[in-house]
Every structure is written in C-alpha cells, then in structure tokens.
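Chains A and B, in that order, give the protein sequences.
First residue of the first sequence? That's 1 in the UniProt record's numbering, and the numbers climb one at a time after it.
First residue of the second sequence? That's 1 in the UniProt record's numbering, and the numbers climb one at a time after it.
If you're looking for bench data, these hints aren't it; they were derived computationally from the structure.
Heads up, some of the hints might be wrong.
Chain B side only, calculated, beta carbon under 8 Å to chain A, not exhaustive [unchecked claim]:
#1 S328
#2 A365
#3 G397
#4 R401
#5 Y425
C-beta: ideal position from N, C-alpha, C; glycine also.
Protein chains: 2
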Amino acid sequence: MRFVIIGGDAAGMSAASRAKRMQPDTEVIVLEKTEDVSYSACGMPYNIADADREVEDLVVRKAEVFRQKQGIDLFTGYRAEAIDPVNRTVTGTIVDNGEPFRFVYDRLLIATGGRPIIPDLPGFDLPGVLALKSLEDGRRIKSFIRNQSVKKAVIAGMGYIGLEMAEALRERNIAVDMVKPRPDLLPWMHRDLAAIVEKELIDNQVGLHAGCTITGIEKNADGLNVVCEDRSLSADMVLAAIGIRPNSELAADAGIETGINDAISVNRHLQTSDEAIYAAGDCADAVHVVTGEKTWIPLALRANRAGWAVADNVCGRPTALEGVAGTSVFKVFNLEVARTGLSLAEARRADFEPVEVVIKSRSRAHAHPGAQTIRVNLVGDTRSGRLLGAQMVGPEGVAHRINAVAVALHNRMTAAGFSQTDLAYAPPFSPVWDPLLTAANQLLKKV
Amino acid sequence: MRFVIIGGDAAGMSAASRAKRMQPDTEVIVLEKTEDVSYSACGMPYNIADADREVEDLVVRKAEVFRQKQGIDLFTGYRAEAIDPVNRTVTGTIVDNGEPFRFVYDRLLIATGGRPIIPDLPGFDLPGVLALKSLEDGRRIKSFIRNQSVKKAVIAGMGYIGLEMAEALRERNIAVDMVKPRPDLLPWMHRDLAAIVEKELIDNQVGLHAGCTITGIEKNADGLNVVCEDRSLSADMVLAAIGIRPNSELAADAGIETGINDAISVNRHLQTSDEAIYAAGDCADAVHVVTGEKTWIPLALRANRAGWAVADNVCGRPTALEGVAGTSVFKVFNLEVARTGLSLAEARRADFEPVEVVIKSRSRAHAHPGAQTIRVNLVGDTRSGRLLGAQMVGPEGVAHRINAVAVALHNRMTAAGFSQTDLAYAPPFSPVWDPLLTAANQLLKKV
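Start from the sequences and build out the full structure, keeping to the hints where you can.
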C-alpha cells in the first residue's frame, strides 16, 4: 500500500513515522515543500529570545533519520499543487529545478498546516516586515535582528504568538509596540484576567495600542513606519502576528469539503469528504468536546494526535478521536495564562445558559512564603449544571492546573461533581482548597 | 437546634463556621481540648524550617474571630471524655481547673483528628523525643531546637511528614538521620520513582537507615542515643514520625462503629452508626472512588470538605460526599512527589487485574532550556481498561499535573479515554505530549 502525505511537520511526520512502525511494508511518501521537517514551531519565540541559540536546535528529528533509519520516502523541496481524487494522484513541482512530479496514492493525508494572515495593505511586503510560522521564518527573523541591529519592533496582533514574541524581543532589549484594531486585549478572556495580562505587558515596557487600525507600512530613512488611523509607530522590524489560516486550498481545489474557518472538514476518523483522503493538523477541523460542534483550533498536540490516528486508520486499526477541549496555555513574561473549554460568550453562542465566577486565590498555602495571586474564571451551565470552561492567570501554578478542568470537560462533569474532586494539596503548591475548587464552590451557588 | 462539635481544627471549625453561616440561629458549640483552633498543621515543617517565623503564623483564624464575629460558642481547654448517645450528651473536664462539663446536643460532630503513633519502647518518653501533629508540638520542636542548639536529629519514620521534616531540619543546618524498620523507602511507590527520592535525600546529606528496627532511646552525656538492632545513632533531638492513628476511642467507647484502621465508620453523609452523630476529618473513614471500598487517608482537604458536608447535612441540606481518590503531593528538597489512586500492589489487593508502566519524560518542550526529567508511573486495569492510579516524581511540573489523573479517576475513565484528553502544551511547561499522555499511550499497549 502506498500512503502519501503532503506536509512534513507535526501531523505529517507523526503519521509517517507511526505508519511505517506499525506496518513496515507500507510505502510511506512525504512531500514537503520546504527543506525543514519535524520541528518545534512553538519553540521559536524562545529560540529567538536567545541570540546564542541556533534555530536548528528546534529540529526534533532530522530528515536523514526519517529517510535512513525509518525508511520513509521523504521528499523535501517538493511542492504539491494538485490532488486528483479520481485517479488518486498528487502532482506538483520540485522547487529546486522546476521539474514536475506525480505520485499515485492508495491513501492520502493532507497535512499542509496553516499560514500567517498577512493583511492586504500597502507595505506588508517590505523587507523587515516578517511573520512567524515556519522554521524558515524563524531563521529570517533571527538573522534580520542580528544583521539590522534591530532596536525597535512593532507587532501587529496581540494573540498568544504576538505576546510570546513581545517577551522574546524584550529579552533581547528590543523596544516593542503592539497594535491591534479591536479595543480588547485577549477578547476571549474575562476582563479581570485580561487586565492582569495587560499590566504584565505594561510593566515590561511593551507599548500597547489596542483599538488602532493599521492602514499601511511605509519605508523611511531609518527603517519602517507603521501607520495607523490616529498614530504612527517607527520600527526597525514589523512582525505580522494577526493570526493564521488553514492551508486548505489544495483540498478545496480538489473538491474536498471545507467548513469552519475554511479548514478541511474531517470526521472523527480524520477522513475528509473523500474517504481515501485524510486531513490532520492545522489545516483540518475537529470536534469540540464541550459543544459537540466543529471547531478549528490550530495547536500542536492535536496535530500530533491526529497524525497518529490517521496512521492507525490507514494501517487498519480504526481509531476515532474524541475531540478537543480547547485547552491552551502560554507564558507572557512572569505570568502563566491558561484556558480550556468555553468562555461565557462562547457558551452563550453555543446555546448554553451559562453563568460564570471569577475568584482570586493563592498559589501556595496560608502563610507559606512566596505565595502568589491566582485568578480563576469558571463557566457553568445553569440548565445542566455542567462545567463548561475555565481560564486562569497567575505567576505560578496555572499551566498544569488547567488540565484538571480539561479532563473534567472530556467527562462532561457537572460543577458539583468537579467540586468534589480530590485535588492535591501541600503547602508549597496550593491552599487546602485548590483555587479550582474554590472557584467551583462559588460556581455551585450560581448553577 | 444545638450542634455540638468535638475538636476545633480543620473539620470541626469548617463545620462550625458553615453551620453558623447557613443557619445563624443554630447554637454551635465547639469543644477543643487545646488552646489552638484552626491552624495549618501541614505548614508546620515549613514554619520550623525558618527560625525567624512565629509558629502563630500558622493560625488561619483566631479563636476570638470565631467567638465574636461568627457567634460560635468555642470552648478551648475543654476536653471531651464521654459521649452518651442515649441522652445525647457530651461530658468532660475543663483542662485548666479540672471542673467537669456537660453539654446536651441535637446533632454531634466528632472531629477529634488523629495523633502520632509513639512506639511503646524505652526512651520514647525522654525529653527531646518529640512528635509533630498539633500546633503545640510545633512550638515545642521549635523552642527545643533553639534552646538546646540542636545540631543532630534522628527522625523515626520515612513517611511524608518525616521527609518534609528532614528538609526543614537540613534548612536549619541540622544533621539528619532517618530510621525505619522496613527496607523500602516509600513502599507504596514504584521502585524507579522511589530511587529518585532516595537519591535526593542522599544528595542533601540525609542519612538513611531503612531496615533498622529501633529498640529504644537512651540518654547519654551529650544527648540521646537511638539504639537499633545493628547500630546506634546519636542525636540532640528525636522526631517520632512513624505515622498517625485516628482519635476514635471516644466514639468507640460510646458504642459507635469503627472500621478500617480503627477510624470511625461514616456513610456518604458523614453519619456514624448513630444517625445524630457525625464524624469528619482524620478520625473518620471515607470511600475510595477507585475501589468503592472504605479507606482511611488522613489529609487536610477531605477534612475541610467533610466538615462542610456535615454542616450542610445538619442544617437540612442533604449532602453526600463522593469519596477520595487518594491524591497527595509533597515536596522533598528540590523534588515534587505526587500520587493519586492505586499503586500496582494496591490494585491487586483490590481485585483488579492491573498492569503498570513507568516512563521518563521532560518538564518542558524539546530544546527548551531548563527542562528536567519527570518520571510517571501509571496503573491500569486489563479487565476494564480503567485507569487506576498514577505516581510522579520530578523537580518541577509534578504537583499540579497529578490533578488531571485525579479527575480522571473520579470519572472512572479508561486509559484510552484519558490518552485522548486535550492537555495544555506550551514549550515552557510541557512537551507536546504531556508526560501523562506519553505514559497513557504506553499503558494503552498493555491494558
């Protein structure tokens, strides 16, 4: 059997490795348009923060290892350009020499990932206007900072990649201004929690310009000028971190169904509307375990997990994925910020009758030195009593705590049920009542 | 209604406060034999570690607050000595003046806690041989260290209180030897994980004497001599940290049923065999959510939670507790050690057909600076596929991670279900596959 995979990062290489391991006689062909495979894209801000580290550190497994040790036919520099579902072929161009290629498949995996959204505005094509998604982007940013002695940067967008990059650039003593058109920082977040993140950014000398619409970028004698409706920000470098979108055009052009956020629609077995064609990773959608509806949350764990599940299905071990809870975490300077499930507004949109609480608690026990404030937002449904989501912010004890709620959401637990869980307590790590339990106890009064 | 409570710590004062808050016209009487109420016993090792901190820092709420602000009739120095279930009375002695007292109750809560096990061996009554449970014990240890300029201590027992005290004493530059009769450190732990804890103790110059039975303690010119069958250890201070047992005699003498570990048997509503009498905290048992059987795990969260539930039940809001998962965590020098659910041996004893895995993973992502090794042990049942328990050891990222498994156990999740959970990932906090997921994926191959 010939299993062809388009895209050689998280989902693609996970599927390739697992398929070859499960069923060594499967011919596994991976077509990757760049020269980079299997790297930790999420690690890039932290790599950029350190001038002395090589970008290549982020490579998890080298192409040679896949080829020689694992027996995967990995073609880098092969750009897939068309899928023919009737004749089960993928065609494209070899980047280096412009030669065409054509592969026949029995099973196909589309793992084309996503790409940064670049606004269609004047100046976003200027040198020094960069985005961060691929390893090549990382190299480009790092060498630009070095070669141009970047002192000032503007980040367009205030999502978690923007925030991680703000920290990375401040680490390197680069002045940072962040710009976004909408007025709210992290609009999905409870305002009390978002205010803590905002303060952390201001305390770290990040200039925040929320509610500013960029109209274009201009080149001037010194560098660049980011022009907004009501102000203008000078910069040596501009980072476009507005968001990403799924690379689903190849699939759509082949008549494969796309849906939410233009991501490729897949069933729980990761099959697209063509049953011989799978999709996984940032290009594909998933089911949200709280709503039961389709969602598009491009994150690394689900890409890896979906890659594995595709391999299982292709190799004859039927595997269905349950879905995502929408769990995510990021660090911004000295804060840990985490969420899972639905915010109040999302819960309303999903036709729940939600209520929420916000509590302040401590990261360590009463009278334990070093305790920090943790803020927890919990959302519950008044109709069913179900727990629907959580958000947390604090300098410690946030990142892993969120997982308890994620597991509760997978089990469709009620707030009452969650409030009875036996969570760990020792003075260096928690109050007797874990902050999550304190929040659940408060929520219980409302649901 | 008159609600009498024997014992003024976690369970007792939680019940008292909540009952008074829920139903202010309830007469709430608390009888506490010491002068201390509502303190963080778990915080004592950390308080002892710091010569400059007052033991009184550990008091969460002062007696006056309960009396004046909350309207609780709190009698300190009142030692309850007998319960008469027929006439619904509690009698005892006022410690200060030896006068008798007698209270009639409508509902009674026994929250008498536990006490350290002191071996019936020569010398355990010598000055300088101390135990740690009450706040008074804490004061005694702290003043003994100061007044006697303690330079060397022997700790009898290697449970988590012993281990926390070893760290506390080393903090104060006191040489520490630990002694226990059985050969294994933390016998409930997977040996690979226990070996890490052992190394941490040795690296911090704690002398470990496992497999040494103490035959007695002798006084010598310099201080004390802990005599074992095959060796003798000199010390300025000896700490008995062998374990605790429930203070259930008062209940047993009144004909109230006791069970596992001689703890007072309670139903899910915290009622004893006499329906007007409740028991909560370290003196009472609980249901284990994994086995469905009775268990006795004296820990602070369940004491507080049970106190609340008793108040709810007494005040006419029927509340049943689901039970405990056996979650616990402690810090030992630079290690976090956590568990929840059953070990392999416990699962066998509970008639499961268990298998286990042990994996090594990292606390942060591939190539992220500062990543540390985390070891995870997961136990699953081959018959049902259920996840049964987890243990974890590592320098970071352990304490809160265990909660995800605890929630899974409350939901009787399978290993397969758990392996699909959407746990948080960001490079500073986790590999893409959280260590728990890596362990679950391995366990799946066995269950």
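Here is how each hint holds up against the structure:
Below 8 Å, beta-carbon pairs count as interface contacts, and S328(B) has one with chain A at about 6 Å; its hint therefore holds. For A365(B), the interface hint holds, since its Cβ comes within 8 Å of a Cβ in chain A; the closest pair sits about 6 Å apart. With a least beta-carbon distance of about 6 Å to chain A, the hint placing G397(B) at the interface is held under the 8 Å criterion. Nearest Cβ of chain A to the Cβ of R401(B): about 5 Å, under the 8 Å cut. The hint holds.
Evaluation of the Y425(B) hint against chain A yields a held restraint, the C-beta minimum of about 5 Å falling below 8 Å.
Going through the hint list in order, the structure satisfies each hint without exception.
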